[in-house]
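A.B. asks: Below, each chain spelled out in residue letters.
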Amino acid sequence: MVVAIEPEEKAEHPIELVLARLLRLGSLVAAALLAVGIALMVLGHTGLAPKLITAGLLVLLGTPVLRVVAAAVIFVKERDWHFALFSFVVLCAVAAGIYFGKGM
Amino acid sequence: MVITFITIFAIGIAAGVVGAILGLGGGIIIVPALTLGFGMPMRTAVAASTVCIIATSTGAAVAFLRDRLTNTRVAIWLEMGTSTGALTGALVAAMVNQRVLFILFGLLLAYSAYNMFRTRKEHSRPEVVPDAISRTLKLGGSYYDKALGRRVEYQVTRTLPGLIIMYFSGAAAGLLGIGAGIFKVPAMDQVMGMPFKASSATSNFMIGVTAASGAVVYFARGDVKPLVAGPVVLGVLLGAILGARLMMRMPASKIRLFFMPILAYTAIEMIYKGVKWW
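Chain order of the listed sequences is A and B. Residue 44 in full-length UniProt numbering sits at position 44 of the first sequence, with consecutive numbering throughout. Residue 200 in full-length UniProt numbering sits at position 200 of the second sequence, with consecutive numbering throughout.
If you are wondering where the hints come from, they were derived from the structure by calculation, not from laboratory data. The reader is advised that the hints may include incorrect statements.
Stated by the list, open to error - Taking lysine-lysine pairs in the BS3-like style, the calculated list, with each CA pair at most 25 Å apart, reads: (1) A:Lys51 <-> B:Lys225; (2) B:Lys225 <-> B:Lys146; (3) B:Lys254 <-> A:Lys77.
As the list claims (entries may be wrong) - Beta-carbon label-pair distances, calculated as ranges: (4) A:Val73 <-> B:Thr4: 41 to 47 Å; (5) B:Lys254 <-> A:Val89: 48 to 54 Å; (6) B:Arg135 <-> A:Thr46: 28 to 34 Å; (7) B:Val275 <-> A:Val69: 42 to 48 Å; (8) B:Leu160 <-> A:Leu43: 39 to 45 Å; (9) A:Phe100 <-> B:Arg135: 32 to 38 Å; (10) B:Gly39 <-> A:Val69: 37 to 43 Å; (11) A:Lys77 <-> B:Ile268: 45 to 51 Å; (12) B:Arg99 <-> A:Lys51: 37 to 43 Å; (13) B:Arg43 <-> A:Thr46: 20 to 26 Å.
Said to hold, decoys possible - Partial chain A-side listing against chain B, Cβ under 10 Å, derived: (14) Leu34; (15) Gly47; (16) Ile53; (17) Val73; (18) Val76; (19) Phe86; (20) Val89; (21) Val94.
Treat the numbers as computed from the prediction; the structure is a model and nothing was measured. Even for Gly, the Cβ is constructed at its ideal location relative to N, Cα and C.
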């Protein structure tokens, strides 16, 4: 059963749909890279396969971070300054984690 | 070789389904399966599991976002806690006595499991009165419950205690290399008064960001082995998409029934680890 979404609600909160589209794109690209990599691996192409799989894993890794960036952009556009600030705090913490993480 | 690939892929699918339904990353299944079942080193298993957490979060989030089960405003508010917590966790990982942490987390989980058991039969909950922050930030929401066949409106309360718990759940994630959904769901469901399904979907949405910062470290160290992580992650991705669809049609009381033994098991496991190393 498909539930229809009321149009006025759609106009009020487009953020869910934008983020859903972004996450779907990220997971589809990652899944495609992984599937091709694994298929090549099974067929015995041991040179290219691990590279494709690693690329797929990296796309997957970047998707949630891009999701926060997209949310920040949407909140700034909507002049929702509270939430724009919150997204910025999250991004700073993730960036600091990457910076410190590399050094460990 | 091909058989091993297929088995790992199947484990991934199972972990993805369970993870998506319960709002967890599925690490609880993947780590024991890879270490005990395939004799893989712990580091390889934890690294693969961390990437799987991102896969569950991303795969399931699409369906939950479309069906408006995810509360994105609550998610962004609480992510401030989880991401700064994860940062702290990663930084102090070397200094903190892990035994104490294990026991503390175990006790917290046991308490959550007890709370969930106690409230298992409450179909209609006491009215949730939003606090000042929740009103200002308009954190309340609504979603269409396919199992109930009606729209569920809800309010959010205890916003600040929720944020503080998220900070500690983020710290646990950073320390232990997990998504810590097992702390996030009870924090929203039990403390902030959100419906279980909205809590689970929002937790799923949030854990990807926490896990991504942890996964970078594993990638940099070379712990992510493509031949192990590839099949399991692809499985989790597909399982999560399937699990998210299942979850929206399941009654919340049944999902809670699933969740309690997992909480109890993890609690015992954590306390045991802590006591064993004393």
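A.B. asks: Next, verify each hint and record whether it holds.
C.D. replies: Verification of the hints:
no.: 1; hint: A:Lys51 <-> B:Lys225; verdict: 11 Å, holds
no.: 2; hint: B:Lys225 <-> B:Lys146; verdict: 40 Å, violated
no.: 3; hint: B:Lys254 <-> A:Lys77; verdict: 41 Å, violated
no.: 4; hint: A:Val73 <-> B:Thr4: 41 to 47 Å; verdict: 43 Å, holds
no.: 5; hint: B:Lys254 <-> A:Val89: 48 to 54 Å; verdict: 37 Å, violated
no.: 6; hint: B:Arg135 <-> A:Thr46: 28 to 34 Å; verdict: 59 Å, violated
no.: 7; hint: B:Val275 <-> A:Val69: 42 to 48 Å; verdict: 43 Å, holds
no.: 8; hint: B:Leu160 <-> A:Leu43: 39 to 45 Å; verdict: 55 Å, violated
no.: 9; hint: A:Phe100 <-> B:Arg135: 32 to 38 Å; verdict: 36 Å, holds
no.: 10; hint: B:Gly39 <-> A:Val69: 37 to 43 Å; verdict: 40 Å, holds
no.: 11; hint: A:Lys77 <-> B:Ile268: 45 to 51 Å; verdict: 48 Å, holds
no.: 12; hint: B:Arg99 <-> A:Lys51: 37 to 43 Å; verdict: 41 Å, holds
no.: 13; hint: B:Arg43 <-> A:Thr46: 20 to 26 Å; verdict: 23 Å, holds
no.: 14; hint: Leu34; verdict: 4 Å, holds
no.: 15; hint: Gly47; verdict: 12 Å, violated
no.: 16; hint: Ile53; verdict: 4 Å, holds
no.: 17; hint: Val73; verdict: 13 Å, violated
no.: 18; hint: Val76; verdict: 13 Å, violated
no.: 19; hint: Phe86; verdict: 5 Å, holds
no.: 20; hint: Val89; verdict: 5 Å, holds
no.: 21; hint: Val94; verdict: 5 Å, holds
Comparing the model with each earlier hint shows violations of hints 2, 3, 5, 6, 8, 15, 17, 18; every other hint is respected.
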